[in-house]
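Engineer: Spelled out, the chains give:
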Amino acid sequence: MKTMSTFAEAGADLEFVDISKRFPGFTAIENLNLTIPAGSFFALLGPSGCGKTTTLRLVAGLEDPSEGRILIGGNDVTNTKSFQRPVNTVFQSYALFPHMTILENVAFGLRRRKIDDPLSKAHEALRLVELDHLAARRPAQLSGGQQQRVALARAIVNRPALLLLDEPLGALDLKLRRQMQLELKSIQTEIGLTFLHVTHDQEEAMTMADIVAVMNKGEIEQMGAPEQLYELPRTAFVANFLGQSNLFTGQVTESVADSITVAVAGRGIVVPRTRAQRHAGEVTIGVRPEKLLLHTEAPTDSAGINILGPGRVTDVSFSGVSTSYIVQMPGLGAVTVFAQNMVFGPVVNEGAEVWVSWTVDHGFGLEDEPTPGSRFPADASTSAIAIQRRAALETELEGA
Amino acid sequence: MTALPLDRKSPSAAPAATPPARRKLVGLGLPIYVALALVFLLIPIVYTFVFSFNDSVKSNIAWRGFTFDKWLSVCNEPGLCEAFGNSILVGVVATVLATALGTAIAIALVRYRFRFRSSISLLLFLPMATPEVVLGAGLAAQFLALGTQKGIVTVILAHTMFCISFVVVTVKARVASLDPALEEAGRDLYGSAAQVFWRITFPLLLPGILAAALLSFALSFDDFIITNFNSGAVDTFPKFIYIAAARGIPAEANVIASAVFILAILIVVVAQVSRSARQKRLARLS
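Residue numbers (the working numbering), protein chains in the order written: chain F, 1 to 400; chain D, 1 to 286.
Isolated chain F, as found in the complex (with noise of 0.2 Å):
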């Protein structure tokens, strides 16, 4: 291959096309097309499980897919060795050969496909990750930080026209990750080769990506850039995964050119009509908990706001930057708000009568159909939504 023998001198597309994988037991990927434009920085998003590991091993050559085709920069790699391919990865374990140096480490892809000097380059790679210092160490007398940036080095010496990581900051602190986030990213674009980040941690792949698609039961639910993702989500999958969100299920009420009005606890809620995936019928709306304003009066009817209420405020939690407030709404459930602290302390206290109002553009329907699982939880603090909503996800994987 011609690839093989110079460095990549730039990032390649990459191509899934009708891509399935079935282990004994059960399918990890079912009918995957997916192109991962050259130069991206790609992330596959999703719980564990979901198959975007094993969608990252296909395009390692680590596994083979039971159907379909994979193409990097156009060339069909569907066939060919994992040796073979233009492609390298950063391991969730980092893989470090402990029997062997740092500066070794770096150099064993260098070594194998014979290119001229691989020390003084593996020298270089070390320099770019700031560990230059510690090459003739082990990695065993490393930390964690450091293994992965020494594994990050292993893989970019290579200039793949891919570069795979497979949850690369998972062992790390969260201080250590955020430098690292900042870091790949700037690397990424000092060398401007592909990246393909798979993760299951939403923030970093909505800090470091230009585009992130979410995945569950192996196949991509939603795909575009972070902004995008978050403020029109189409599933409620993602509505929970990617963020939080209020979701309310009621009867379309009202269909004209521009808007969708849904019957919601005795109100109609206004939705944009290209904010909402469907326009009739049963439909689950959505929005996000700091779009929505606390009222400790009822705020007035007025046309391109939404106004639910009144509910009583149950829980309050203080977390820094924002207060988050769990509304309990009659006939609705528990309703959670995120309001920046501008001034000191909540703004309202437990017990507290409130209305909640957001602006009609802020809203989003949907395309699930509604079941009784979409609905709110009718009781529950901000922790255990949140662990009820990771729990309700957790046994629809497990059944899939």
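The reader is advised that the hints may include incorrect statements.
Covered by chain F, per the in silico footprint, the following chain D stretches (three or more residues, Cβ under 8 Å) [stated by the list, open to error]:
1) 180-191
2) 198-207
Covered stretches of chain F, going by a simulated chain D footprint (3 or more residues, C-beta under 8 Å) [claimed, not checked]:
3) 70-78
4) 85-95
The set of hints was computed from the structure by calculation and includes no laboratory data.
On a predicted model such as this, the values are computed, not experimentally measured, just so you know.
Built from N, CA and C at the ideal position, the CB exists for glycine as well.
Let chain F serve as the given structure and place chain D on it in line with the hints.
Structural biologist: Chain D only, in chain F's frame:
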């Protein structure tokens, strides 16, 4: 207690402090017990060593005076050095065969799923659980049925067979503790199957493989029962001693036994010293 000088050279090597009262209690019984156990274990070895210097004639039971002659002319005893050479040959060949085959089997059993995998595991365990007499007699019957001439080849085959089991058990543990991601990383970094094996899998399994090889050699070297059934006219060192015991073991046999023992101790000491030196070097680096 406060007056005790502190060992400033190796503060990190200071042992965990034991309460004085407890140390006293243990201090009475334990050394006596240990000393007795050591004496019990060492008497036969010391006896063998001492009597290798006995100026014996034929029988080596009564002490007849000190001499170096037996050490200097060990091969004068007819058949002894030949038997020892056979033992070394059988040990080396059987070890190489058993280690190579056993390592391959261990990797296959841990890393791959195939039909009859668990039955093969069980089958490999059998030679360890079967009494040696049964194993030896069974093999002898098989060689007889096949019409194979008994000799050094049949001994090597028999030893290889039972050594494989021990190699598989030893190496399997090592393979199981080897992260499969390391080999995947090797493949991902442009290593072909052979390169990944020799540059990653093999070096990482090496401690286990070496341990297995040493075990194999030791088992083969001192095996008597299976050898006796399958060696025909060929003598190995243990067989020589067994036969010689009937008319008195010559002091030359003590010489070889002592030499082997001293060599083994030396290897262990050298290995330990070099290992601790390497650890110190690594500790200095970090």
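Engineer: Evaluate each hint against the coordinates.
Structural biologist: Right, here's what the structure says about each hint:
1. Figure legend: the region 180-191 of chain D, annotated as covered by chain F; annotation consistent (10 residues with Cβ-Cβ distances under 8 Å, at least 3 required).
2. Taking a C-beta to C-beta cut-off of 8 Å, the region 198-207 of chain D contributes 4 residues in contact with chain F, enough for the three needed, and the coverage statement holds.
3. With 0 residues having a beta carbon nearer than 8 Å to a beta carbon of chain D, the region 70-78 of chain F misses the requirement of three or more and the stated coverage is violated.
4. Beta-carbon proximity to chain D at under 8 Å applies to 7 residues in the region 85-95 of chain F; the threshold of 3 is reached and the given coverage holds.
Checked against the numbered hints above, the structure violates only hint 3.
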